[in-house]
Amino acid sequence: MPGTRGAVTPGPPILDVRGLRKSFGPLEVLKGIDLLVDPQELVFVIGPSGSGKSTLLRCCNRLEEPSSGHVWVDGVDILARATDINAVRRTIGMVFQSFNLYPHMTALGNVTLALRKVAGFARPEAETRGHVALERVDLAEKAAAYPNELSGGQQQRVAIARALALEPKIMLFDEPTSALDPELVGSVLAVMRNMRASGMTMVVVSHEMRFAREAADRVIFMDHGEIVEEGPPERIFGAPEEGRTRAFLASVFDR
Amino acid sequence: MQKVLDNFFNIEVMAKYLPNILDGFVLTVYLAVSVVATGIVLGLALAILRAFQIKPVNFLIVIFVDLFRALPPLVIMMIFYFAFPYVGLTMSGFVAAWSCLALVLAAFAEEIYWAGILSVHKGQWEAARSTGLTHLETLIHVVLPQALRLAIAPLTNRAIAISKGTALASVVAVQEILAHAATAQAFSANTSPLTMGAIAYLILFAPLVTASRWVEARYAWKR
Ligand SMILES: Nc1ncnc2c1ncn2[C@@H]1O[C@H](COP(=O)(O)OP(=O)(O)OP(=O)(O)O)[C@@H](O)[C@H]1O
Ligand SMILES: [Mg+2]
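Going line by line, the protein sequences match chains A and B. For the first sequence, the working numbering assigns the number 1 to the initial residue and increments by one for each residue that follows. For the second sequence, the working numbering assigns the number 1 to the initial residue and increments by one for each residue that follows.
Hints should not be assumed to be uniformly reliable.
[To be verified] Short derived list, chain B residues pointing at chain A, Cβ under 10 Å:
hint, residue
1, ARG50
2, HIS121
3, GLY123
4, TRP125
5, ALA128
6, THR131
7, GLY132
8, LEU133
9, VAL142
10, PRO145
11, THR183
12, GLN185
13, ARG218
Since the hints were made in silico from the structure, they are not lab data. Glycine included, C-beta positions come from ideal geometry on N, C-alpha and C.
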């Protein structure tokens, strides 16, 4: 059922993926993905390891070059030759499992680098915006701290602020809490909840099923490079139609 | 004992040739500083170029690097000074010594920078690129600062080693410390000028070697 859209806001989708395929050598990792994400929608992606979730996200900002298919972000064809991919990437925030903060820069330095170099703000303006972004992730007081002085949860929130500061149209999260100690997960999820409340469009790959139930508009189950099933969380978790979805959910909830 | 003193620490001879050794000292410092400045900058430029992963360019860089790391510096220097004139390329001994040592240092430095660049986690590249930074901006603002931290200790050691190679320049008629010391030794039939030369090298390099220990401790593997 490709192309099913969540019923949040009418209007053109923020992310529009059609017929997306990606192969690594002989291995086809994405086998024709169709995905529409509406403004302010939170789409949650689940699936077994190796099913292509990360690759899907990475194709949406061309960290990975799709083999074929189309990807539009806020109406921009990001695979078109004429598209300035660096300008487009500014509008697509990405958060990684391993935070990937720049270790030689303070939290504020991490957040302001792209503001200065990509968005072109002078340092004072960049720092003002950087402070605002850090405030949004509740880390205003850590602006001068280096990554190695921060907990994992704080580092991930700085990474979120780094993306948020550029005022993206959509945020992509690739297992944002998987590298965190259980007691630190909550602070990151709280920030994501706030972002959702303030209307950010989000695609989240994660194993936090509780968060999905409570915050997702739509859950997508991927397996072997395909979208097997998608729908509202109540239905996917409560009454999945596909055997593969049921088997996956059983394996997750058994643990 | 007296024999040792007369031959190695003859005050009279030493006093006579001290000004020559000092001249050599100044020239050695000048040559060494020129070599190190050129070598580490050229090496960095090559490493940055290599990071663009343009196949033919990288092939040439690797050939250059391996060639200049494989050949003994003295051989390169003598080729520059004695062989190149036959193909119409004549240069002073100083230029031959400077360009030879700078190129050798650049070759080693390139490999050190490159190892540093490779050691930076690829997540750093991805994070920076995902915010819209270009390849070059990512290299300059994110990757190189981390790579340089790793490179600084081995670079210091390599720069010191190459600076000691300035003594080779005596072979291509550069009047640095060793050349003056050897000439003085021949004229005076006494080895005290060599002692002075050794002392001059110690004065020059002992502080650098000590400083490199400090650099090594300061920039050791820690994040
Ligand atoms: N750069 C690459 N080169 C070759 N194969 C790759 C590359 N990146 C991913 N793959 C392969 O593509 C498949 C899908 O990987 P992907 O990381 O998208 O899965 P995933 O659903 O995110 O899994 P996980 O839950 O473990 O993160 C895997 O088989 C993986 O080995
Ligand atoms: Mg993954």
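For each hint, the structure was consulted:
With a cut of 10 Å, the hint placing B:ARG50 at the interface with chain A is violated, because the nearest CB-to-CB distance is about 22 Å. Look at B:HIS121: its Cβ gets to within about 7 Å of chain A, closer than 10 Å, so that hint holds up. The beta carbon of B:GLY123 comes within 4 Å of a beta carbon in chain A, closer than 10 Å, and the hint placing it at the interface holds. The beta carbon of B:TRP125 comes within 9 Å of a beta carbon in chain A, closer than 10 Å, and the hint placing it at the interface holds.
The beta carbon of B:ALA128 is positioned within 10 Å of a beta carbon in chain A (closest approach about 8 Å), and the interface hint is therefore held. Checking B:THR131 against chain A by beta carbon gives a least distance of about 4 Å; that is within 10 Å, so the hint holds. Because the closest C-beta pair between B:GLY132 and chain A is about 4 Å apart, less than 10 Å, the hint holds. Proximity of B:LEU133 to chain A holds as hinted, the smallest CB-CB distance being about 6 Å (cut-off 10 Å).
The interface hint given for B:VAL142 holds, since its Cβ lies 5 Å from the closest Cβ of chain A, which is under the 10 Å cut-off. Evaluation of the B:PRO145 hint against chain A yields a held restraint, the C-beta minimum of about 5 Å falling below 10 Å. Evaluation of the B:THR183 hint against chain A yields a violated restraint, the C-beta minimum of about 50 Å exceeding 10 Å. With a least beta-carbon distance of about 51 Å to chain A, the hint placing B:GLN185 at the interface is violated under the 10 Å criterion.
The restraint placing B:ARG218 at the interface with chain A is violated, with a minimum CB-CB distance near 15 Å, outside the 10 Å limit.
Checked against the numbered hints above, the structure violates hints 1, 11, 12 and 13; every other hint is satisfied.
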